[in-house]
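From first to last, the protein sequence lines stand for chains A and B.
In terms of the numbering used here, the first sequence opens at residue 15 and continues consecutively.
In terms of the numbering used here, the second sequence opens at residue 269 and continues consecutively.
A hint or two may mislead.
[Claimed, not checked] Over the 10 Å line for every Cβ pair with chain A, so calculated as not near, a few chain B residues:
hint, residue
1, HIS342
2, LEU392
3, PHE402
4, LEU414
5, LEU620
6, ARG679
[What the hints assert, rightly or not] Short, incomplete list of chain A residues facing chain B, as computed with Cβ under 10 Å:
hint, residue
7, LEU294
8, SER295
9, PRO296
[Said to hold, decoys possible] Covered, in the sense of this in silico footprint (three residues per stretch, anywhere, with C-beta under 8 Å from a C-beta of chain A), are these stretches of chain B:
hint, stretch
10, 275–288
11, 310–319
12, 324–336
13, 458–464
14, 546–555
15, 651–662
No lab work stands behind these hints: they were computed from the structure.
Just so you know, even glycine gets a beta-carbon here, dropped at the ideal spot from N, CA and C.
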Amino acid sequence: MGITAAAARDEFQEELVIRPLHSGDIYASFQFRTLWDTDFLQEGQKVSHYRLFPKSLGQVLSKFSVRELHISFTQGFWRTMQWGQPFIPSPPGAELWVWFHDTVSDVDGNWKELTNVLSGIFCASLNFIDLTNTVQPSASFKPLGLGNATDHRFLRYATLPREIVCTENLTPWKKLLPCGSKAGLAVLLKSEKLFHSSFHSQAVHIRPVCQHKNGLDFAKILDAPSFCIHLCINCYLHLFTEWSLFKMFSRTLTEACPLATSSKVYVDITDNPEGELFELSPATPLLSQAVVLGDRRTYSVFDLTRAETFGQLRSLNLLLRWKGDGGEMLRPLLHAERYVAGFGLQTGEIHTVIYNNHPYRAFPVLLMDSVPWYLQLYIHTLTVTSKSRDNKPSYIHYQPAKDRHRPHLLEMLIQLPPHSMTEVTVQFERALLKWTEYTPDPNHGFYVGSSVVSALVPSMVAMSTNFTQDQPLFSSFVPVKEESSYFVRVYTEPLLVNLPTPDFSMPYNVICLTCTVVAVGYGSFYNLLTRTFQVDEPSLPLAKRLANLIRRIRGVPLLT
Amino acid sequence: MAAPLTLLLIVAVTIRAVLFRSSWAELISERVEVVSPLNAWKRVVEGLALLDLGVSPYSGDVFHETPFMIYLFHFVVDYAEIVFMIADGITAVALYLSIQTYNKNVFRKQKYALESDRYPADCLELLRSPKEMFYIPLKVAMFYLLNPFTILSCVAKSTCGLNNAIIALFILCTLKGSALLSGILLALATYQSIYPLTLFAPALLFFLQRLYIPVNLRRSSFWFFTLQYAFIYVGSLVVITGLSFFLLGSWDFIPSVYGFIFSVPDLTPNIGLFWYFFAEMFEHFRLFFICVFQINVFFYTIPLSIKLKEHPVFLIFMQIAIISIFKSYPTVGDVALYMAFLPAWSHLYRFLRNIFLVSCVLLACSALFPVLWHLWIYAGSANSNFYYAITLLFNFGQILLVSDYFYAYLRREHHLTHGLYLKKKDGTEATLVLK
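Kindly produce the complete structure, drawing on both the sequences and the hints.
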């Protein structure tokens, strides 16, 4: 393949999905996808030409033999019950999971270096990821891209619930886009308005995919998978009854990114078929229907590659005015919560509650829990109850923690009865750590990462299994294998747990006092072992002793 | 004497059964003074649950019992309460029989010494009479069974009770003179927790004394017997360890059990000196102080053996006390074992100097432990220093107790050789000092 042929096959698409909710809130989801055709996985090929794919990440992929990489930075917690299911879920804090190639011999070494390199690329403290918070899930995080390798020795998963997202992370993220923040949808990503939201998440998902263009050999598809890098930003803003793009992002759209093959804005108007709930301007004739998250939704489409979208002012400022109240949101079928029960600093209980809101279908979910080593889990106290009856999981994979080496990993397959609440409880004990192992503010508590609930939820609407290029990005992120269900991943809240603390001002005092007690023991025994009982003869007063000294010199008999 | 002993056993079993069925059992089994990461019942159940799940109990850091415990409780986990009550009963009966044998030995030696006129004339009141010694075995059994520490340890189902039973059986077999059984039981005790290794010296001294072999490093008879006994001991230890390998097919239990005891990675608070010390330790010195503290346990064996080579049973008492105070994860069950011996030294009462102070300190500390724990962990109004202070005081009280009894024992021996009423050179009454 010549360089020109390779260059022609790079592809970039961008879109923005806006979903207005009844309370005046907006869910805005930006998706940027770059398809990169490359075969550097073959022996002896080194890639030196990067056109649309960011070079920093391409070098990372080739150096560490990464097959799939998923990283997300989130601020805030996604309230599934109030806001519905997000297109691409993410847990609070930072999350990183990576599938390595099976040619890698030292996965842990690669993982350590990869986290440090990514920490530099994204200006985040991902270097806190080490073996004490990395797990290897056996069933929960199957590859989202090509490939049927399921040896979970090559998978690594870690979360940092304490990680904060700020402008420092947004700026390098924007640099990964082909147009940067100068053209296209990325001009709306201004940090002052973006971080004002209740929920903000930015993610990078890299995975190998098949090319579906005509004219390519089937064999070539398998040998040379493309890499798809999917960058998405989700944010959730509270606004009033009238909002516009300018009010939300303090910018309007003026042009599409020249490097993009498609650049679209979708506004969800499913709840507003006749315009009685809200009014959207400028009006657009383009409509699109998509089945996303088990629901058929209708969208108004604004195609930024067409000049007439921008109108006379050469800028697109969407305006939406709410007219009426009401409309029910579709209740999400799967929802989970987690909390810590118990009192005191010695023991506690983790309760995970999973709700199945489907009226008549039961389906299995995979619950994955990664608990740090300093919370000692007792697996014999694990109980799973649904509708106040015992519900035994059909598959349990438990890897106990090793102090200061690895965390607990608990994965269970639980069958959820229809329209029910399932509660999973497990008891734990809190450990006393060495004084150097506490974080700078120890009474703030220690974070426990979110649980992950993954499931194939039965869908009310038939999902389409055709993966074509014309589908909008947000509805085609996760590959759909069958029509009757769609994949959902729900993250619970992270927990904040207090541990008993020693007194940090006392190390020298403690050493002295304990050694004193040991010395008292030693001293008593030494006395009794080395000395014998003797009759106490009184010793002469000082004057007589001095006189005896002189007498001894003189050779004269001594005084008594 | 069988009837009072049976009555005592019945009373003890009743108390334990009542506590087992009450709501206190849950509370007691979580107390850190009574259970430690090494012998908590919750961890035994957790280890068995992990085995059921197909994961090795030693793959995590929760289970630190030996494979022998897995073997035992795999079958009797439903009858655990009965097992622990039986263990307490065995310990009490073994201590009863051993103190009875010991008293017979002591009386016989005293009779020979009296007949060969080895005692000075004025120390006749120090001699022990059968009347005074008659109830001592029963008192020893009572001190063990009705000691609140033992009852708490049994109700919490701490495996310390089983370890105590093995040590008590070892003492019984030693005092009865069976070197083979004594070696095997000592190997079992060492296999359970390493510290009973120091009991090898007193047991050896007892057998040498019994077989009239002088303790002289130049005589071949001494080495002959020592090697025999050492061979029995080390051989049984190797066999037991080998059998443990075959349970799970791996040597994982060695770092999990013995590595854990020696390197003290878990800093759960207990009544010992290690936890707070290593919680506040500078990382740089950690290895050094681990070595110092562990050597401290084994260090007193040789000097004490040299000083007490004529008195091996008292040496056993001293060794058990030193192990209980200075081991890495002590619990009140360990303290109860050496306290059971105290009635055997009741004739030393007149020479004890600090007994009132020591008993007040120990009582006060036992009462303050749960109070300060509650204030630290639940009320949040105290911090770890309060609990640590009581730990220090409790260990200081124990050290004082043991050294007081040692002083009294040595002083009585001195009086038995030099006379009770000593006079100075000018004829006035003398005071004895250690010089």
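Hint by hint, where does the structure go against what was stated? Just the numbers, ascending.
Structure breaks hints 6, 7, 8, 9, 10, 13.
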